[in-house]
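Put together the whole structure using the sequences plus the hints.
Protein chains in written order, with the numbering used here: chain S, 1 to 152; chain D, 153 to 429.
Hints are computed from structural coordinates only; laboratory data are not their basis. You may find that some hints are simply not true.
[Unchecked claim] List time: in silico DMTMM-like cross-link candidates among lysine to aspartate or glutamate, alpha-carbon distance up to 20 Å: (1) K322/D x D374/D; (2) K199/D x E31/S; (3) K362/D x E382/D; (4) K196/D x E31/S; (5) K359/D x E315/D; (6) K362/D x E328/D.
Keep in mind the model is a prediction, meaning the values are calculated, not measured.
Single-letter residue listing:
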Amino acid sequence: MIKFLPEKRKGQNIIHVVASFLFLYILWTIETVLPSWFPDFSLIFIIIAALSFPPAVASFLGFFLGFLSDNLSPNLLGRYTTFYTLLSFLLSYFKNYIIFSYPYLFLLVSVSIFLKGLIGGFHLLKFLLTLLFLIPFIKILRKWGKDFILIR
Amino acid sequence: MSLLRRLNFSLIPIFLSFFFILIPTGLKLRIAVWAQSFFFFPAKFVKREVDYLRDLRRERDDLEKELISLNRQVALMRDSLRKDLEGEMNSLLRAEIVGRDHTLRCFLIIDKGRRDGVIEDQTALVAEGLVGKVLKVGESFSLIETFYSPYLNIAGVNQRTNEVGVVRLKRRGLKESFLALDYFSPNADILVGDTILTSGQGGIFPKGIKIGYVKNVFPTRDIFLDIIIEPVVNVLRIDGLYLLIQKDKGERVNERQEMEKLLKELELKIPELFKMR
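So, in structure tokens, the structure goes:
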């Protein structure tokens, strides 16, 4: 079982938040440059961040990612912003009611991709690759990003 | 109220996102233009650099191909110039290979024949070295016998020591065959890497055309060394060749045939000469 409980370390929380924003931006930049079938790591990250941070920070992170994604199709500005903000806020708010294990994460990511697909269209290969790389991505985050992203 | 107070910071992005949905399209576009110029800069920069590198790679490949082609042309021109300087009597005729036997590599068919001035026993070569000789001539096509042919013996000479031998195909067992330099005595001075050229003896191949390099020298109890040669020309990779046209080749061949006839007559007369003694 994975634990996403936030560690309260004084003086480090602001660094965690800034690092998460930067990492999210880098992830989004990479996904924008690479082909459309590239796994949706930013979605996985936003889910993990929502389970780690308090609702205020999580919703700002979701808003940031949604705003970035919306800029790819400016006339529909707001659809991804709303989706990601609500998703991260709700996950963060109800995180105490969620059992954090890989099967639940698979379910969570699948549902999130399905909801995202309702807004922006479905991409089967992207969906499959996202699920395929879910565990390795979380393991890498746990190994290299545990000091910043609050995963225990 | 207490819930609202608890969620005050969380509600800001939620309201903002709803606000984005509701604002008019013109304002959306204006916000997006500003955001794109700011947030898209790294992505655009990376994409531009990747495209640039891809273009550079394509350009490098094209230039490499061009360089190879130019090098080949230079080699051919140098070779042609050398031949011209060596003797004004010789000239080259370009011929394209239109058929070949891929398994034994012994024969090639070229698109030049009698009407182009091809005659039997003409030397076939490329910029790198010797290919073989013309075996049979048709009206428009000819058959080239390469150095891999078991019937072709080429008089070769070691460029370093001037020692003469015969280059021919040797068989070891049923399947293995290799190009060998024969008739070198065990105490001959030959080293791995020595260049083997045509010696000019035999009258078919002119002197100084590169055949190959010595790949291996095996000590033997026989009267001659086992010398394996690595040919400089890969017969399977060439798509065209040059025929060395010697203007007096016909006369020379006739003269040679006369001389050979005379030699045979003399050989036949040797027992009579012994009897005379």
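Hints versus structure:
{"no.": "1", "hint": "K322/D x D374/D", "result": "15 Å, holds"}
{"no.": "2", "hint": "K199/D x E31/S", "result": "11 Å, holds"}
{"no.": "3", "hint": "K362/D x E382/D", "result": "11 Å, holds"}
{"no.": "4", "hint": "K196/D x E31/S", "result": "12 Å, holds"}
{"no.": "5", "hint": "K359/D x E315/D", "result": "14 Å, holds"}
{"no.": "6", "hint": "K362/D x E328/D", "result": "24 Å, violated"}
The earlier numbered hint that this structure contradicts is number 6, and it is the only one.
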